[in-house]
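Listed below, chain by chain, are the residues.
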Amino acid sequence: MNAISATAIASGRSRWWRSRATQRFMRHRLALIGILLITVLALACAFGPYLLPYNPLQIDIRARFSPPFTGNHYLGTDPLGRDLAARLLEAGRISLLVGLFAMILSTFIGAVIGVVAGYRGGWLGNALMRFVDAFLAFPSIFLVLAMAALLQPSPVMITVIIALTSWMEVSRIVEAEVRSLREREFVLAGRMLGLSGTHIMFREILPNAVGPIIVAATLTVARAILTESYISFLGYGIQPPLPSWGNMLNGAQQYLESAPWLAIVPGVAITMAVTSFNFIGDGLRDALDVRNDHH
Amino acid sequence: MFVFLLNRLWQSVILLIIVSIIGFTILNMIPGGPLSQYALDPGMTAADLERLKEQMGLNRPLPIQYLDWAWRMAGGDWGTSYRDGQPVTAVIGRHIFATLILMGSSMAISMALGTWIGIRGATHRYSIFDYTATVGAMVALSIPTFWFGLVGIYIFSLQLGWLPAGNMYTIGNETVLGYLQHLILPSLVLSLVHVAVWSRYMRTATLDVINQEFVRTARAKGVPEKRVLMKHVVGNALLPMITLAGMQLPQLLGGALVTETVFTWPGMGRLFLDSLGYSDYPVVMGLLMLSAILTLLGNLIADIVVSMVDPRIRLS
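If you're matching them up, the sequences are chains A and B in order.
Using my numbering, read the first sequence as starting at 1 and increasing by one per residue.
Using my numbering, read the second sequence as starting at 1001 and increasing by one per residue.
Some clues are possibly wrong.
Unchecked claim - For each label pair, taking beta carbons as the anchor points, the in silico distance ranges come out as:
1. B:Phe1004 <-> A:Pro241: 54 to 62 Å
2. A:Pro240 <-> B:Ile1184: 29 to 37 Å
3. A:Arg179 <-> B:Arg1227: 49 to 57 Å
4. B:Asp1310 <-> A:Leu124: 30 to 38 Å
For the record, the hints were derived by calculation from the structure and aren't laboratory data.
Yeah, the Cβ is synthetic: ideal placement off N, Cα and C, and Gly gets one too.
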């Protein structure tokens, strides 16, 4: 390790793949497992449907409730005889994409509110942070369900709703970070150069808070996938015939005795995806040396 | 002490007002609004709807409506349910007990188990136990509660036949033992996430305390290790846990909602979902507000307890 960092210094340029953070991350066994798992899962969801012999929407009443490994139905079939493996991968596309885009949107909202609150401070910062506290006082699932039940539950709308109820963590982290950076010399220098507040906030200060944001964003993906599965399971999320991991479990309870694989398979997929992101987040936290007491 | 409490109470009230504005705005921005349920009635004409709007005061400007609603809320009039015309407070009152029992027992389980795992992880740091607990906590946080419930039902109710698969009691067998039997599975399922969180925090808190000087002094004085641990370390490490218990409340309540659905537990979570299904707007709003009130109350109580136990906070 010493030799590598010595060459990095000698070459005068630090490349990210040689940085200390990358090395620390590569030594984090759980994080690597997480990366491996989620890569396999994502590739399977992206390309798997082309390789399977069944269409996820193809109904075959004669083959309904086939247990796993019946013929080419590797994971069995559902009450309509649709291939569970094909549906699982198709659902994975939606669930993973919803999680990913909800993270992007909520990180954006959280970062903007956090930077403004932390940099401006005063009554505006105070008001914004009280607003954050207020959002945290609802059990977020109540809020998500209320909105999802009353709005059109399309995948885009579900993504937006999840983002609107999960940005608070990021804004708290960013606010704290920005508040501590606000009085530093480089900010003062920027101000004396006559840079605009927006420029200082987003171009000078925000890049310094990137570590904590990345960690929080990774954990937000995990939580967004979970949230999607909750509301879809309860019937207010992604609507059939579009499959998602959550809504595949929606009707599974009534067949628990006769066809337990219907309940077990999608749950394993959700747990795998969410665990991967949590592992990666943990590795990033160690690698980027983010001290974070509230995780 | 008194000033501190008054200050916290004041903050909670402000927060509650913001919460109510958010909730009110969201539910009123929805197309159809509070009348969406009536609009579904085939016998309704546009004129009827207009008259209903007039009657319910829905054609006034939103801020006025909010003030009127907030004023009646504060006076204890939470409106009447669209479904059966009963007062919202009475409807919620019938369901709150079941949820509180579920939350209470689950909290007790996760505190006991989480504290033990956390302390053991800290005293046996980097052992196999510690490593398993760390990884296990992260996996536990990743399992969807409802799915864990389904797996629990499959194993313990359907395969082994040890525990009932749902409901709060069996009709005809309304004994304490019967209730307890029904309580075991849902409260264990609900505590999964909280055991994980609790054990992680407890481990960190114990490690924070265990390296402090007064612990070393106690050891140097020849106090038996067990006593050092129980009296000096755990006592101090539990302090931040009180605050954590308050902070965990929203998650606990949210988890209860899902758990109740899986186990057909007649609590507030099920009521919330049923009310959403019927577009029973006053009950939905009432439950949203109540969940926020419970959360803020929980945080307030946690603060009071901490300030009573820890003299340092009273002074500052």
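Hints, one by one, checked against the model:
1. The hint said 54 to 62 Å for the Cβ distance between phenylalanine 1004 of chain B and proline 241 of chain A, and at roughly 57 Å that hint holds.
2. The beta-carbon spacing between proline 240 of chain A and isoleucine 1184 of chain B, approximately 33 Å, falls within the hinted interval of 29 to 37 Å.
3. At about 43 Å, the CB distance of arginine 179 of chain A to arginine 1227 of chain B disagrees with the hint of 49 to 57 Å.
4. Checked against the hint of 30 to 38 Å, the pair aspartate 1310 of chain B and leucine 124 of chain A passes, with Cβ atoms roughly 33 Å apart.
When each numbered hint is compared with the structure, a violation occurs for hint 3 only.
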